[in-house]
Structures are given as structure tokens and as C-alpha cells.
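Colleague: Position 92 (the sequence shown) corresponds to 92 in my numbering; numbering is contiguous.
Please note that a few of the clues may not be correct.
Claimed, not checked - Below, a list of computed lysine-lysine pairs in the DSS-like style, where the Cα atoms sit at most 30 Å apart:
id : residue 1 : residue 2
1  : K270      : K284
2  : K77       : K190
3  : K125      : K291
4  : K14       : K172
5  : K172      : K255
6  : K146      : K14
7  : K190      : K99
8  : K121      : K14
9  : K291      : K121
10 : K190      : K80
11 : K184      : K146
12 : K99       : K146
13 : K77       : K172
14 : K190      : K255
15 : K184      : K172
16 : K77       : K14
17 : K146      : K270
18 : K125      : K146
19 : K291      : K270
20 : K291      : K255
21 : K270      : K121
22 : K190      : K146
23 : K270      : K125
24 : K99       : K121
25 : K184      : K80
26 : K291      : K280
27 : K190      : K14
28 : K80       : K172
29 : K121      : K255
30 : K255      : K270
31 : K172      : K190
32 : K14       : K80
33 : K121      : K146
34 : K280      : K255
35 : K280      : K270
36 : K99       : K77
37 : K255      : K284
As the list claims (entries may be wrong) - FRET-style restraints, in silico, Cβ to Cβ:
id : residue 1 : residue 2 : range
38 : A126      : A253      : 19 to 25 Å
39 : N65       : A227      : 23 to 29 Å
40 : L285      : R57       : 30 to 36 Å
Keep in mind the hints are simulated off the structure, nothing from the lab. In this text the structure is predicted, and so the values were computed from the model without any measurement. For each residue, glycine too, the CB sits at the ideal point set by N, CA and C.
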Amino acid sequence: MELSIIIPVYNVEKTLRRCVESVLRQSFQNFEMILVDDGSTDNSATMVDEIARTDNRISVIHQSNQGLSAARNTGIKAAKGRYITFIDSDDFIAQDTYKGVMDLLNAHPEYDILEFSVIEKYGSKAQHPLILDDCVYQNKQEYWLKGQAYRHTYAWNKIYRRELFIDIEFPKGKNFEDAHTLPKLMAAAKTIATTSLGTYYYCWNDAGITANANGQDLTSLLEAHLAYINGNNEIDATYYTHILNIQLDVYEATKAVPLLPIRPFYGNLKLTLLHLLGIKCLCKLNTLFHKTIKPSH
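Sequences and hints are given; from them, build the entire structure.
Modeller: The structure is reproduced here in C-alpha cells:
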């Protein structure tokens, strides 16, 4: 078995068949599909059983509702493939995506993680492509910083060697779980590659977690990046500014004491203001600015 495709399922009766059919239409056929029903309360639980009866490569696991991370972890434990990938059940993949990326992995068995391109926020006004270059990284800091992997820590546009997950799980009870998990997988990997081959369609959901992130969710995202920089990992001004923006959003949503340590980076207005005002004053100024420019109704 070459590839285990793990699809967590929770109340997605409107999009589930599109997701599954995008896999079944692939020219690459040496896969197993693991549908993990995470306690759905709509027709999804019945649908996965019906779908599984149509193809012996499809298996179903039903469990009580425990969240996305737990569903992925359940799928990983059941996986038998040399490689693992994920699809969220409201998304889908382009024709021949898996053939291209699996041919590349078979040609380069040294790759532990292979990331492929994405159409982000598909179906929304903000839809845009993330087209990756064909690159190989043995220096994982280079992948994170030069490749700006911290901007697309998604679990689902990547193929992973299954052994990477021996001691690694997605964290239960946390949103933005991918940002917590990818750095751990990177640390376990020896070689990471990106490719322009293949396309994952990340479908925008106005009711989804990303679209409706609250203070607690944003705090989880900030904590993931703070764990990275506090692990004595190399960072640069662009990445630090990315984390600073998350810290500003967290403060605006929660008013909690800022957690981001000040680092000696300059080069843009926010970083200059950070050193002039300090982190807390900058957070307050940013919040005040957003309140001032909000249109009145």
C-alpha cells in the first residue's frame, strides 16, 4: 500500500461526495481511504457507510465527537500506507494530483515530507493560488523561513512518510492544530521538498474556524509560533513581523498581556514602533486605530 488518505468527517453531507469522488477519480490507484466519522449528527455517518460499500479501498471508523485532531489521530493509527496524507471533507483535489506527487516520491525516496500547491479560499472573493516552487530542503530552517512554510502550515497539502507520526499526534482541543504539529514533523524529517505538481482546493467556509477565529483560537495560533521561536530556532524579520501581527490580533480580541518577546529586528513601520513604544503600547495603539477606522452604522 503506497498511500493512506485520511478524511475526517463531521456534518459535511453537502460536500462529502465531492471530496471522496475527487480521490476516486485520481489516475493513481494504489491507496486506501480512511473516513473517520467524528460523531456526525447529520446524514454524514450514513453516507460514509454507503460510500465504503462501493469500493473495497475505503474503510470507515465511527467515533464520538472529539474534534479534528482526534479524528486525524484515529486515522493515522489505522493507516497502512508507506505515506500518509489528509483531506478535509469540505475540500477536494485536482485530477492527477496524487499521480504526480507519488511519482516524485518514488523517484526520490529520501523525501520525508512533500508539499504541493493549493488554491486558497476557493469559492470566495479572496480566492488565490499558492503555487510552490520545485525545491528540496535539507536545512529545515530554510524551508520554514525562505520557503515561508509558517504561512501555510496546513496538514492537507502535504504527503508524509508514515513513520514521522510514530511519536507525533495532532493536539486535541486546540484550533490551528496544524501550526502546532508541522514544526514537530519537520524536526523528525531529514529532507523536505515542495513541488508545483498537483493542486489542493481549500474551500472557504464562512462558518468555519478560520473565518470565525476568536481570541482563544488566535491565542492557540500565537502559542504555536512562540513555541517555535522559544525553541532556539533561527528566525528573521519577516517571520517575526508575521508573529507580531498575530500578537496584535490576540491583544485586540482578548486584551491579555502580550506574550511576544521583543527581538532586535527592524525594517518596517511596525517593528520601528515596537522598539519605540514597547509591545503593550503598540498593541493598544493598534486596537485604538482599528476602532477609529471602523465604519459607523
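Colleague: For each hint, tell me whether it holds in the structure or not.
Modeller: Hints versus structure:
1. Only pairs whose Cα atoms come within 30 Å are accepted, and K270 paired with K284 is accepted, the gap being roughly 13 Å.
2. As the CA atoms of K77 and K190 are separated by approximately 22 Å, the hinted pair is consistent with the 30 Å bound.
3. Between the alpha carbons of K125 and K291 the distance comes to roughly 25 Å, so the proposed pair stays at or under 30 Å and holds.
4. As the CA atoms of K14 and K172 are separated by approximately 26 Å, the hinted pair is consistent with the 30 Å bound.
5. Our distance criterion of 30 Å between C-alpha atoms is met by K172 and K255, whose separation comes to about 25 Å.
6. For the suggested pair K146 and K14, the alpha carbons sit about 38 Å apart, so the restraint of at most 30 Å is broken.
7. Between the alpha carbons of K190 and K99 the distance comes to roughly 23 Å, so the proposed pair stays at or under 30 Å and holds.
8. A hinted pair counts as satisfied when its Cα atoms are at most 30 Å apart, and K121 with K14 qualifies at roughly 18 Å.
9. Restraint check for K291 and K121: the C-alpha separation of about 27 Å stays at or below 30 Å, so the hint holds.
10. Proximity of K190 to K80 is assessed by CA-CA distance (about 22 Å); at most 30 Å being required, the pair is judged to hold.
11. In summary, the hint linking K184 to K146 is supported, as the alpha carbons are separated by about 18 Å, within the 30 Å threshold.
12. Restraint check: the Cα-Cα separation between K99 and K146 comes to about 27 Å, which is no more than 30 Å; the hinted pair holds.
13. Pair hint K77 plus K172 holds up; C-alpha atoms about 15 Å apart against a cutoff of 30 Å.
14. For the given pair, K190 sits about 40 Å from K255 by alpha-carbon distance, which is inconsistent with the 30 Å threshold.
15. Between the alpha carbons of K184 and K172 the distance comes to roughly 15 Å, so the proposed pair stays at or under 30 Å and holds.
16. Between the alpha carbons of K77 and K14 the distance comes to roughly 27 Å, so the proposed pair stays at or under 30 Å and holds.
17. Among the hinted pairs, K146 with K270 is consistent with the structure: their alpha-carbon atoms are about 21 Å apart, no more than 30 Å.
18. This hinted pair checks out: K125 and K146 have alpha carbons roughly 28 Å apart, not beyond 30 Å.
19. Of the pairs offered as hints, the one joining K291 and K270 holds, with about 18 Å between alpha carbons and a cut-off of 30 Å not exceeded.
20. Restraint check for K291 and K255: satisfied, since their Cα atoms lie roughly 14 Å apart, inside the 30 Å limit.
21. Taking the CA atoms of K270 and K121, the gap is near 27 Å; set against the 30 Å cutoff, the hint holds.
22. A C-alpha spacing of about 17 Å is found between K190 and K146, which places the hinted pair at or below 30 Å, so the restraint holds.
23. For a cut-off of 30 Å, the pair hint linking K270 to K125 stands: about 28 Å separates their Cα positions.
24. Restraint check for K99 and K121: the C-alpha separation of about 24 Å stays at or below 30 Å, so the hint holds.
25. This hinted pair checks out: K184 and K80 have alpha carbons roughly 21 Å apart, not beyond 30 Å.
26. A threshold of 30 Å between alpha carbons decides the hint, and for K291 with K280 the separation of about 17 Å falls inside it, so the pair holds.
27. Distance hint between K190 and K14 is unfulfilled; the C-alpha atoms sit about 39 Å from each other, more than 30 Å.
28. Restraint check: the Cα-Cα separation between K80 and K172 comes to about 23 Å, which is no more than 30 Å; the hinted pair holds.
29. Of the supplied pair hints, the one linking K121 and K255 holds, its CA atoms being roughly 29 Å apart against a limit of 30 Å.
30. Between the alpha carbons of K255 and K270 the distance comes to roughly 19 Å, so the proposed pair stays at or under 30 Å and holds.
31. About 26 Å separates the Cα atoms of K172 and K190, which keeps this hinted pair within 30 Å; it holds.
32. Among the hinted pairs, K14 with K80 is consistent with the structure: their alpha-carbon atoms are about 29 Å apart, no more than 30 Å.
33. For the proposed pair K121 and K146, the alpha carbon gap of about 23 Å is at most 30 Å, so the pair holds.
34. The straight-line distance between the Cα atoms of K280 and K255 is roughly 10 Å, inside the 30 Å bound, and the hint therefore holds.
35. Taken as a hint, the K280 and K270 pair is honoured in the structure, with Cα atoms around 13 Å apart against an allowance of 30 Å.
36. For the hint pairing K99 with K77, the CA-to-CA distance comes to about 24 Å; that is within 30 Å, so the pair holds.
37. For the hint pairing K255 with K284, the CA-to-CA distance comes to about 9 Å; that is within 30 Å, so the pair holds.
38. Between A126 and A253 the beta carbons are some 20 Å apart, a value that agrees with the proposed interval 19 to 25 Å.
39. Against the hinted window of 23 to 29 Å, the Cβ-Cβ separation of N65 and A227 comes to about 27 Å, which satisfies the hint.
40. The hinted range of 30 to 36 Å is not satisfied by L285 and R57, whose Cβ atoms lie roughly 56 Å apart.
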